[in-house]
Amino acid sequence: MFNLINPSRIFYWIEKLINFINSIFFVILIIALTFALILSPPDYLQGDSVRIMYVHVPSAWIGLASFTGIALFSILNFIFKIKNLNLVSKSIAPIGLLFTCLAIITGSLWGQPTWGTWWVWDARITSMVVLLIFYILFILSHKLIEQESKANKVSNLIAIIGLINIPIIRFSVDWWNTLHQPSSIKLDGTSSIHPSMLLPLMLMLLVLLLYCALILLMKYKTEIIRIKKKNIKRI
Amino acid sequence: MIQNIISMNGYGFFVWLSFAITFLACGALYYKTYKTLKKYEKDFAKELNQLSEEEKKQVLEKSKVASEFLASYNKSI
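Residue numbers (my numbering), protein chains in the order written: chain P, 66 to 300; chain H, 1180 to 1256.
Hint data in this document are derived by calculation from the structure and do not stem from the laboratory.
Given the structure is predicted, the values throughout are model-derived calculations rather than measurements.
C-beta atoms are modelled at their ideal positions from N, C-alpha and C, and glycine is treated no differently.
There's no promise every hint is true.
[What the hints assert, rightly or not] Calculated cross-link-like contacts (lysine-lysine; reagent style DSS-like; alpha-carbon spacing at most 25 Å):
| no. | chain 1 | residue 1 | chain 2 | residue 2 |
| --- | --- | --- | --- | --- |
| 1 | H | 1236 | P | 208 |
| 2 | H | 1217 | P | 295 |
| 3 | P | 81 | H | 1214 |
| 4 | P | 294 | H | 1225 |
| 5 | P | 148 | P | 294 |
| 6 | P | 218 | P | 295 |
| 7 | H | 1225 | P | 81 |
| 8 | P | 148 | H | 1241 |
| 9 | P | 208 | P | 148 |
| 10 | P | 215 | H | 1221 |
| 11 | H | 1218 | P | 294 |
| 12 | P | 148 | P | 251 |
| 13 | P | 295 | P | 146 |
| 14 | P | 208 | H | 1241 |
| 15 | H | 1241 | P | 81 |
[What the hints assert, rightly or not] What the simulated footprint calls covered on chain P by chain H, stretch by stretch (three residues with Cβ under 8 Å from a Cβ of chain H suffice, anywhere in the stretch; the number is not a length):
| no. | region |
| --- | --- |
| 16 | 162-171 |
| 17 | 211-223 |
| 18 | 279-292 |
Chain P on its own, in the form it takes in the complex (with noise of 0.2 Å):
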């Protein structure tokens, strides 16, 4: 699984990866939204303001999903001491920051027309605010500490404690009372969102997925690059 990711040989496919991802990208995009904005229908009680959900959900799927990326590779590397795993941790975290934000943008969008309120210290919006420090706490131990092997080891640290914040944010509509609505779509398969509405909720999902891979891709290739320009006249 390792060898996928050695840069030596991933170099070549990530440039074939990108051109595909660039090639199919605008097509998904055009119908995802098409769905989302036209042909889904209102919601019964929040009207159109639930075509919010489209971009809100997807960005903070995403946002949750890097970050326990993140922690489980900084697991991997304390155990198993590969360093492509802090190149791709490295290139995940701006993705996850910017999802996150996003997460919290729209739902304070959504919250005004649907709660009255654009902000309120409720549990998941302030564990959501949580996972958004230790995202810009994980990218500035990087940016901040010179010495490559201190700041993978500080931020493989943070990305490790971050990852409690995780069940807690997953939980924390269901142990407390909260303004925010419990999950509509469950894996064990009692999701209550009706198909008209999931239909464009997993296409903007993987519209956003496949520009998360494409972010991914170039940020890989720029560390590569990076490492790689460092070490010239070494070689």
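Following the hints, position chain H against chain P.
Using the frame of chain P, we list chain H on its own:
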């Protein structure tokens, strides 16, 4: 129909703003990432081309990434 899509029954401001912020932020990150990648590619190619033939040969022999990079970079320009 167009009027309905724009106004979204009074929720247009919130819905369109959410989508606009999402796509603008994604566009900004894409632009920044793309620019940084191109800058690093250009600098790396410049450094490789500044090496003497002997050094260049040595680097390309020892680093598969450098040789792959130079091949794809020369093709793209």
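Status of the hints after comparison with the structure:
no.: 1; hint: 1236/H <-> 208/P; verdict: violated, 34 Å
no.: 2; hint: 1217/H <-> 295/P; verdict: holds, 17 Å
no.: 3; hint: 81/P <-> 1214/H; verdict: holds, 19 Å
no.: 4; hint: 294/P <-> 1225/H; verdict: holds, 10 Å
no.: 5; hint: 148/P <-> 294/P; verdict: holds, 17 Å
no.: 6; hint: 218/P <-> 295/P; verdict: holds, 20 Å
no.: 7; hint: 1225/H <-> 81/P; verdict: holds, 23 Å
no.: 8; hint: 148/P <-> 1241/H; verdict: holds, 19 Å
no.: 9; hint: 208/P <-> 148/P; verdict: holds, 18 Å
no.: 10; hint: 215/P <-> 1221/H; verdict: violated, 29 Å
no.: 11; hint: 1218/H <-> 294/P; verdict: holds, 12 Å
no.: 12; hint: 148/P <-> 251/P; verdict: violated, 35 Å
no.: 13; hint: 295/P <-> 146/P; verdict: holds, 21 Å
no.: 14; hint: 208/P <-> 1241/H; verdict: violated, 30 Å
no.: 15; hint: 1241/H <-> 81/P; verdict: holds, 24 Å
no.: 16; hint: 162-171; verdict: holds (count 5)
no.: 17; hint: 211-223; verdict: violated (count 0)
no.: 18; hint: 279-292; verdict: holds (count 9)
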